[in-house]
Amino acid sequence: MIVLKDTTYIDWKTLEFKKGNILIEEGINAPIKFIDNLEKLDSNTTILDCKDKYVTKSFGNSHHHIYSALATGMPAPKKNPGNFYEILKYIWWTLDKSLDLEMIKYSAYVTAIACAKNGVTFVIDHHASPYAVEGSLQTIADAFNEVGVGHLLCYEISDRDGVNIARKALAETEKYMQDNQALVGLHASFTLTNKTLEKAVSLAKKYNSGIHVHVAEDIYDQEHCYDIHNKRVVERFKDYGVLDLPKSLLIHCLYLTDDERALIRESGVHVAQNTESNLNNSVGQFSSRSIGNNILLGTDGMHSDMLRAAKATFFSSQLTDTVGYDEIYRRFRNIHNYLDKNEIIGDGENNLVVLDYQPNTYFSSDNFYGHFLFGIESSHVQHVISNGKLIVKDRQITTVNETEIKEKAQRLSQKLWAKMSELSE
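Residue 6 is where the sequence shown starts when you use the working numbering, and the numbers rise one by one after that.
I should point out that these hints are in silico values taken from the structure, not numbers from a laboratory.
Using N, Cα and C, we set each Cβ at its ideal position, and we do this for glycine too.
Just to be clear, a hint being listed does not mean it is correct.
What the hints assert, rightly or not - Capping the alpha-carbon separation at 20 Å, the derived lysine to any residue pairs in SDA-like fashion look like this:
hint	residue 1	residue 2
1	K398	S384
2	K122	S384
3	K420	P82
4	K10	I52
5	K102	D164
6	K38	I7
7	K211	L250
8	K23	I52
9	K23	S369
10	K411	T77
11	K18	G329
12	K204	Y245
13	K200	K210
14	K122	G380
What the hints assert, rightly or not - Label pairs and their computed distance ranges (CB to CB):
hint	residue 1	residue 2	range
15	H234	F22	49 to 57 Å
16	D244	N185	24 to 32 Å
17	N169	K83	24 to 32 Å
Construct the complete structure from the given sequences, taking the supplied hints into account.
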């Protein structure tokens, strides 16, 4: 057990501030409770002095790509991409084709470590490695479990690399889903045949899951869908039953008609907004107009800092959307509602972050949103507790050897970049 001594707890739902000592039990969905007497604690209890610190529920990432973890600093592609499709072709599809299981393992390690140190204890990931499909999901899960970060994984099924790889991706997904909670991942409409889409939805229904898919990230997705299928992307997905699955996650959703927005809103499925990625790829900006309240925040593999993602989303939205202080916080926290509503485990109340935040101004529930947006940063994350286990203490990972992992990841990044260079020749 862990006790956070003499702290201030901020209820993530009500924003109520409460002072006291918090007892935390280890395990999935184990309780937390306030206690007065510390003298009767078990001798094995870890006591952390949290005087003048703030404790609240830890954070979640609704759309990540661990496969991009070794991309930072990689050489520029041989051909400068001229549009979104070429960004995929010359950068990300070259990278994912170059991954092997060892690279995937260390990509997962460094991603989980980065998440934990930023206060993120649950990640919904969307993975692709077409020449290392078999075993990829369990490899990611094992690394995340070792670090101590909860997860909801999927493999990005696509026909872009041929029928055999699409079949392997479906098989890998089903194999993993037999023993693990997961979603069925799809790349995007423009790389999916009707046959593969139908099989993926059937698989999601079989395991009471949902579809995790990129939707209208670029106008190309819509143009392709209309040219080939004579309908728009959301209409196509509705026809195949994607919107009938409550766990489905639609990612990006930039280029939608009002009719498509109504279909999403009425279905009740969730949309994950990825502002920084959209800006980086120059594809446009998300608008929440008429799409409903089921909006989550992700990073799309750009980084693992959800506080940063929330701030970037808020600031950019001032030009393109109507997002207030309370709304950006709601989107930031909406992943917890998604996970709870869909009975996905690993995000219980014993997932907590201790913030070493010493504000210069008065801080209370009345002005919490202002401090959330303009004060609290990931640098304030001191301790992180995941499922009642202390995985970050004094800003250091406790569960794995971060130094050894990063040294190995650095070596593997060079190997990855060399393979990418060979593929692009």
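- Task: Against the structure, test the hints numbered earlier, and report the numbers of the ones violated in rising order.
- Result: none
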